[in-house]
Amino acid sequence: MSQIFPKSANAAVRSSLFAVMALTLFAGWGVFTLMRSSWLTKQSEFVDQPIQFSHAHHVGGVGLDCRYCHTSVEKSSFAGIPPTKTCINCHSQIWTNAPILEPVRASFRNDTPLSWVRVNDLPDFVYFSHQIHVKQGVGCATCHGPVDKMPLTYQATSLQMEWCLDCHRAPEKFLRPRSEVFNMAYEAPADQLELGLRLKKEYNVAGIAHMTSCSVCHR
Amino acid sequence: MTFADIRTRLASPTTPDGPAYWRSLDELANTEEFQNFVAREFPSQASEFNDPAGRRQFLKLMGASLALAGVSACTRQPEEMIVPYVRQPEDVIPGRPMFFATSMTAGGFGMPLLAENHLGRPTKLEGNPDHPASLGATDVFGQAAVLSLYDPDRSRTLRYRGDTKTWAGFTAALQAALNTQRSLDGAGLRILTEPITSPTLIEQLHRILTDLPEAKWHQWDAVYGTVQAGGPAATPLYHFKNADVVVSLDADFLGFGPSAVRYTKDFSSRRRIGTPADQQNRLYVVEPVPTLTGAKAAHRVAVKARDVHGVASALATAVGVSAPESGALSEAIQKVLPVMAQDLMDHRGRSVVVAGPHQPAAVHALARAMNEALGNVGSTVIYTAPVAAGPADGAASLSSLVEDMNASKVDVLLVLGGNPVFTTPADIGFSEALGKVGTRIHLGLYYDETAELCDWHVPEAHFLESWGDARAFDGTVSLQQPLIAPLYDGRQAVELLSALNGAPGRTPAELVKDYWTRAFTSGDFTDPAGAPFATVEAFWRSVLHDGFIASTSLLRDGAEVPMAPANDAFDAPPASATGLEVVFRPDPTVLDGRYANNGWLQELPKPLSKLTWDNAVYVSFTTAEQNHLKNEDVIEITLGGRTVKMPVWVMPGTADDVLVVHFGYGRRKAGRVGSNIGANPFVIRTAQAPWFESGASMVRTGETHTLASTQTHFAMEGRNSVRIVDAVDYQADPAIVKHMGHKPADNLTLYPPREYNGNKWGMAIDLNACTGCSVCIAACVAENNIPVVGKDQVKRSREMHWIRVDTYFEGDPAEPSGTYHQPLPCQQCEDAPCEVVCPVAATVHSDEGLNDMVYNRCVGTRYCSNNCPYKVRRFNFMLYSDFTTPELKAQRNPDVTIRSRGVMEKCTYCVQRINHARIDAKTGERPIADGEIQTACQQACPADAIVFGDLNSPDSQVSKLAAQDRNYGLLEDLGTRPRTTYLAVVRNPNPALPSETSSGNKASGH
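So the sequence lines, in the order shown, correspond to chains F and Z.
In terms of my numbering, the first sequence opens at residue 118 and continues consecutively.
In terms of my numbering, the second sequence opens at residue 21 and continues consecutively.
Hint data in this document are derived by calculation from the structure and do not stem from the laboratory.
Treat the numbers as computed from the prediction; the structure is a model and nothing was measured.
Warning: the hint list may mix true and false statements.
[To be verified] What the simulated footprint calls covered on chain F by chain Z, stretch by stretch (three residues with Cβ under 8 Å from a Cβ of chain Z suffice, anywhere in the stretch; the number is not a length):
#, region
1, 138-147
2, 196-203
3, 326-336
Where a beta carbon is used, it is the ideal one built from N, C-alpha and C, also for glycine.
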């Protein structure tokens, strides 16, 4: 009886071994890439909002402070989304008939709230606090990006855990003086590490053991 | 389990591992089943997978799950919306809760509360720390009330004979009925309420009764406003802080009623001893039913309820009151009585005799005569006129109403709250008489048994949706303010009565404020500091903020309370009756069924028996043995020709020949949670004898009914976890507690030592103060979004409570000599066995010493739970959390993750509260103050038995407790170095009555 497999089958088996390995690696790379892709993280993605609100105009152009609208950023975990009343403060005086602002006027007239789509959305098992980050010298732009240049708001960073830990492991890379937290034009100095370490001490920022303890963010 | 097993084991105390303290009769018998039960981590789950075909299928499924598990991370998050206010209220800071003072009622009495409100949603209730009736703690009902607010089964529509109607239509019909009544002076109008202390409501009722002099107001409450054989004329208020010796005559003052929270606070202040030299109080209890109060007694004697009167008579005679002959007394009583009397006389002015609310007026009169003879009145007890308005005896009031109904004298019956069709005594025949009433109107939270038989049903507003007022048990006027607009368009009794008074349009807010504006001008109220208020507006704002009017408390220091006259007769005690006695008690968690649809309360293990989701007949060990009864046997009880079938629960400490029957179950129309579970003993309860009656008989039916008791769950292999010493031994050798167990050196570990530079959290639980009331469990459930799993899952030992209260009995089960409670949350071990076995690092040590549990990492191997010697980890075997019912979503604490299926969870020391306090402290650039963080269990505890704080700070309260001689770690011989430590029980028996079990070393087994 002749052999079932010709000799060349050996080569095919050997090469298939490599092929399987390569495929596994490729699949692994694929998953790895997908997990970090902006499709999954929604990084840099524009979202449809009820009103085409422009931070570029209001912050970059008009020069409003972040806290004019996001009033609870210093005293609560949630920075706060302004009530319609805040919009109407100005828009009862200027651009009173602009068609683009009709939803705002309608909301105020009918006492029905506006529904904004959350742009920077953390998973529900993450408990982030604006209050402590702002207090410890993390600038708005550090996480939210150049908001003053965003005609439509998008998520500037991946908001993945490794991104959080980048800073939680070495906050000195990002800290700025408290007075500069809301300054959109702030640029990190050349000696950022030196400044960061000094601020870390001055602001009594916790060490890496605390900042990487699970229950600090998850509970 | 057989009685023979237990007897044999008790007879041979030489058994090497014989427990001195035991949790259940099964444990005591140490049967093979019980050993099996303990050996398994979760008894009713498959420990091993034996079925070969199933195993392959299982591996396939698991393989597929594993392969696909990673992919599940690749889902895009769903879009979420942010909905800001249109006009944001000034004080609201999104993300930060606000707290408002309000109060709930129990038997008409105000139970002060602070409600936590997240953007308009009340999520958690705490006690009002400034209010004299709470001092910051609550009872289990206060913790669970918030769930009832969001109950999806609450009545949502106003109905006329089943059809939906409007409020306007209802008020028009009411006016029409009233116009007819006006011409008759209200002869056909009857109003049936629960007991009421609300000044606004009382004024409204009196106005109706003045306008319509022939109309009548009746009261009924199956739990609170019901007395046996005539109610006492005066209401006693106790100062347990001042009492060195306390004698309870069937009074469960620590466990029952609207005063229990305050009394537990006062009583436990005499139990939280600091040094061996500190004097504790000494408690004697004579009672038919094991209660929380009885469990704290140094000497407890179980007698029939009927015989308490005789004991009171004998005791009164012994302390010098000329009381009637007591008749024959049992041997146990004869032994204790002279010692008890001597102890009382040795502590004149520093002792108190407390008569129970279920005992007739004569016993109260005897107790008062004793207190007067002993000079206690004024120092440990005062007697005031009743705080509640209206008839003191609800049963008599109800009987006369039913007579009128049967005589067709009632044209309009207004039932304001309550569920009389279900709760009224069987012999009165309320539901039958109801058919003879012209127009029946019901105001209630649920479309219940009563609503069903009424013409009109008006949905009632929950107290968290209501404006109102009530007096606390000590007379303090407590305000009620709404935390949320009525979810289901509920109405309040004040609105309805206002419509009766010819002003249908007035809102409850107006009515309540209007009353107090008028009361302010005629009263002389002062603020908590004692200063008068400047204006009405200042007064109103201040009392709404505080939740109460401080100057109205009769228990405040320096309060001058007019003494109510004592005019009750002692009466001769009834002759002892042979045969069985039925003792009625409200269910400890659902009362008379009013909380039947509250899943938290249904699943809360009832103190002592640890039953859930059911009621049962408690019988003593001896009675069970004589009648060949065992747990879960269904018996038929016959009393006065009426019968009920109920399962049996052998409850150590019950008096012999007594059947303790808890009512509150057997509801037909409670809702999806509470309908059609348990038996309804109201069918054998009578108006003459609502609390106890002799002459019962019982037969075994041969049926059994499975009961879900958590008493044996999570047993720690009989390792004698409670340490108990006698006061004399503790004083002789303060280190005795430490010697009761072996504590290995701290460095006996393979792991490197950890350093804690910042805070180092710890907890200490004082077992000497703990009364076992279980409010810690309820508070934890409310704070930490703990799901309800249902009876079937509880039977499988899958209840999710993060803290449990283990109850240990001591001595012969026929006559246990002691009962001890041990609240058991996660011990947050320093060298935690759970951490090292987790394959995915889902449970890890934090830098502040917590054993963090990371839900989003957990893959559900359950190794951690398997390795936990304390058995405090809970696994979501199924999707227990309700993710779908929209009403319940609003109740959840937004600061705590809602866990899904397949995830392990456990006590976190309320890490959300720690984080909030830490962030606030850092923002304020200051350290976290001692006491700033209170865990939910600690905050609710009326005994102040739980203390949480920073072990790194030597001045913190918890550090001081950790340094006490009484302090020990649970199972510390295992080397886990628990951070939650316990303070041992120090018994204080009368030296003239040596306890049968000697203190100390026997317990340890070392």
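Okay, the hints, checked on the actual structure:
Counting residues of the region 138-147 of chain F whose C-beta lies closer than 8 Å to any C-beta of chain Z gives 0; at least three are required, and the coverage claim is violated. Judged by the Cβ-Cβ criterion of 8 Å, the region 196-203 of chain F is covered by chain Z as claimed, because 6 of its residues qualify and three suffice. Here's how the region 326-336 of chain F fares: 8 of its residues keep a CB closer than 8 Å to some CB of chain Z, so the rule of at least three is met and the hint holds.
Violation of the numbered hints given earlier is confined to hint 1; every other hint is satisfied by the structure.
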